[in-house]
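Start from chain V and add chain Y according to the hints.
Number of protein chains: 2
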Amino acid sequence: MKKIPIIKSRRVRSTPFTSRIENQGLSGYSVYNHMLLPVSFGSIENEYLHLKEHVQIWDVSVQREIEITGVDSDKLVQFMTCRDLSNAKLGKCYYAPLIDGNGNFVNDPVIFKLDEKKWRVCIADSDVLFFAKGLASGKNFNVDIYEANVNTIAIQGPKSENLMQKAFGDEIKELKFFNYKYYNFKGVKHLISKTGYSKQGGYEIHIENTTSGLELYDYFFKIGKDFNLKAGAPNLIERIEGALLSYGNDVDNRDNPYECGFDKYINLDSNIDFLGKNSLKKIKDEGIKRKLMGVKIEINHINLTEEMRLYDEKNNDVGLLRAAVFSPTFKKVIGIAMINKKYWKESQEFKISINGKSAIGKICSLPLV
Amino acid sequence: MKKIPIIKSRRVRSTPFTSRIENQGLSGYSVYNHMLLPVSFGSIENEYLHLKEHVQIWDVSVQREIEITGVDSDKLVQFMTCRDLSNAKLGKCYYAPLIDGNGNFVNDPVIFKLDEKKWRVCIADSDVLFFAKGLASGKNFNVDIYEANVNTIAIQGPKSENLMQKAFGDEIKELKFFNYKYYNFKGVKHLISKTGYSKQGGYEIHIENTTSGLELYDYFFKIGKDFNLKAGAPNLIERIEGALLSYGNDVDNRDNPYECGFDKYINLDSNIDFLGKNSLKKIKDEGIKRKLMGVKIEINHINLTEEMRLYDEKNNDVGLLRAAVFSPTFKKVIGIAMINKKYWKESQEFKISINGKSAIGKICSLPLV
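First to last, the protein sequences are chains V and Y.
Counted the way this note's numbering counts, the first sequence spans residues 188 to 556.
Counted the way this note's numbering counts, the second sequence spans residues 188 to 556.
It should be emphasised that the hints constitute simulated quantities derived from the structure, not laboratory data.
Please note that a few of the clues may not be correct.
Same chains, same label: a pair holds when it works inside one copy or across any pair of copies.
Taking lysine-lysine and the DSSO-like style, the derived pairs with C-alpha atoms no more than 30 Å apart in a straight line are [said to hold, decoys possible]:
| hint | residue 1 | residue 2 |
| --- | --- | --- |
| 1 | 412 | 189 |
| 2 | 501 | 276 |
| 3 | 529 | 471 |
| 4 | 304 | 464 |
| 5 | 326 | 262 |
| 6 | 305 | 326 |
| 7 | 305 | 469 |
| 8 | 262 | 469 |
| 9 | 483 | 386 |
| 10 | 464 | 326 |
| 11 | 538 | 478 |
| 12 | 519 | 468 |
| 13 | 189 | 409 |
| 14 | 190 | 409 |
Same shape as in the complex, but just chain V:
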């Protein structure tokens, strides 16, 4: 793949951390929610090994936070997701698929109830701002909807707790998985959640006070040597192994949450009102015909930029490969694919054509083990 630079502009937004990250050896960007997402510092394999052993700090400001306030904010937030949020509690984080009228994905954010009638939707890569505005206008909901000026850094890896303890004190150790709370850094309050886009454990710091956030970023590197802290980024290998889905890669607006194994986030039996409820009922009744599964392919390199067809020995469609990467752990290419029902067998073989050459792979469950 040719290395072609990204041209920055106001439309492709920088983050408060951009200059720091670039000085730390950034080697590749993606763009996500109209903003720069750092993706690598030279070798995603080395970063993968480091992430699984130490601790990293990531600039994930691209996880934009849409705030919804006002008397009808509960109604609107619930209307956007198939997950029952009627008993949502302050201090808890809710992974919640947003779906359209057909029951298909619009986004898969983590939702925080910040206060009575105040929600924050930490989004994947699509304009939830305008989806929410469209719904609210159409339904005459009395709400305010805006993108908050929040930029998030993630502290991820097995040593993340040690690092956070050193920065915020022992209290941080009591924060439970998918909970959030406010913590002080030199007199400034920061919302910290025990969340993040890795399976290695960690935190996300949702920075509203940019000056303090930059100071905190630098402070982490001052105190982080003991834990071998490095600047990093969400890691393609680690997230595929852990089956942390990526909207736009693994799933998109043609897919529904049943096809992703998200049954536990779909609440059809409570009396909540949400868009696509009847569609999801129908999908459940009829049963899905394809679902996301893992794959292992007997090759040592892949560069996936579009969906790739998987087929059987008779050239029938097995499914579509949506994301893939070489894993140093499995010593082969691993991936996430939408597999047709006929082929939902563990260890089912398939073929894939890469640059004109045929390779062999096997289907497996997710997460990959």
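Then chain Y, alone, in the frame of chain V:
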């Protein structure tokens, strides 16, 4: 500015023309509507001079086309825009601001009525798909909304008519500005509009048949030597001079169409029903307090990646610079800025601080002349 490569993925989509464009010497990408937008082939100044004299072919597949069909499609399309489309005609193209309930921009597409109850919305960089789905669901409109598999190439420059005539015959010369029609290339029908993101004249070919589109792309280069055809891209210098606005750069969801001088695209007096109509009435009654204007700054380089403050000799806010570039024609930096009412005077002076140094500029009207 450091040159950091864009990392491709399925989420940051390639176009059917990507490999060709890269082989033609592409030197920079942007990302637009979750897709790669080629922006330069080495020197935007050289490309600017070439565009104003010859003809270029641009891969503008990023101008995604949202199709809206069904019995309520007229109602939905009208509800999204302040421009009166009640008399929209087949064969005509309509530049139409999409606005939210506050009267602020969501997008600024060109809209085509393709057939009775079939519309195409050729969008700028925001997810109109989900805005439209939200509105339609909220209002219980009976419509289908989807992103069409259409990839657009633009033929732009003073020699564009000659090139198109050679490819499609004399008939193409009858196509008027902001009209569209179907034309044949080797037996395949292509929708061609006399539109494009330059002031140099030209066409956009909305390609549904990818195989034929690729053949056409190559064919243009076969026949284009006489007209000095080159691969190009929307040009920052040319588009700022011509005041072709860029959603996400010059304007965003904090701005309304009156502030952009789009009065002629706002129809408050007809009885059409659209989102934000009352807000726009209020804005009109109260009068706007800032508007987009041109600026000329006495420096020979700028690299604008975020809004920059303009101020007067007493350090009062004059406005915000949204886009800027050095122009070889004006021999200074030119730009587009949101200017506060007090400073709406042609030749009004202002200051701007660039890398710690103060520079002097003057306000001017748009387009720049």
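Do the hints match the structure? See the list:
1. Only between protomers do residue 412 and residue 189 lie at most 30 Å apart by alpha-carbon distance; the minimum there is 27 Å, versus 35 Å within a single protomer.
2. In this assembly of identical chains, the alpha carbons of residue 501 and residue 276 never lie at most 30 Å apart, being 53 Å within a copy and 50 Å across copies at closest.
3. In this assembly of identical chains, the alpha carbons of residue 529 and residue 471 lie at most 30 Å apart only when taken from the same copy (18 Å versus 61 Å across copies).
4. In this assembly of identical chains, the alpha carbons of residue 304 and residue 464 lie at most 30 Å apart whether taken from the same copy (23 Å) or from different copies (27 Å).
5. Taking the shortest alpha-carbon separations for residue 326 and residue 262, both the intra-copy value of 10 Å and the inter-copy value of 16 Å come in at or below 30 Å.
6. In this homomeric assembly, residue 305 and residue 326 come within 30 Å of each other (Cα to Cα) both inside a single copy, at 19 Å, and across copies, at 24 Å.
7. Taking CA atoms no more than 30 Å apart as the test, residue 305 paired with residue 469 passes between copies only; the shortest distance there is 28 Å, against 32 Å inside one copy.
8. In this assembly of identical chains, the alpha carbons of residue 262 and residue 469 lie at most 30 Å apart whether taken from the same copy (23 Å) or from different copies (28 Å).
9. In the homo-oligomer, the alpha carbons of residue 483 and residue 386 lie at most 30 Å apart inside one protomer (20 Å), although the nearest pairing across protomers, at 52 Å, exceeds that limit.
10. Taking the shortest alpha-carbon separations for residue 464 and residue 326, both the intra-copy value of 16 Å and the inter-copy value of 16 Å come in at or below 30 Å.
11. Proximity of residue 538 to residue 478 under the C-alpha cut-off of 30 Å is restricted to the intra-copy arrangement: shortest distance 18 Å within a copy versus 58 Å between copies.
12. Taking the closest pair of Cα atoms, residue 519 and residue 468 never come within 30 Å of each other, the shortest separation being 39 Å inside a single copy and 62 Å across copies.
13. With identical chains, the CA atoms of residue 189 and residue 409 are at most 30 Å apart between copies only, with a shortest distance of 25 Å across copies and 36 Å within one.
14. In this assembly of identical chains, residue 190 and residue 409 lie within 30 Å of each other by CA distance solely across copies; the values are 28 Å between and 33 Å within a copy.
In terms of the numbered hints stated before, the structure departs from hints 2 and 12, listed from lowest to highest.
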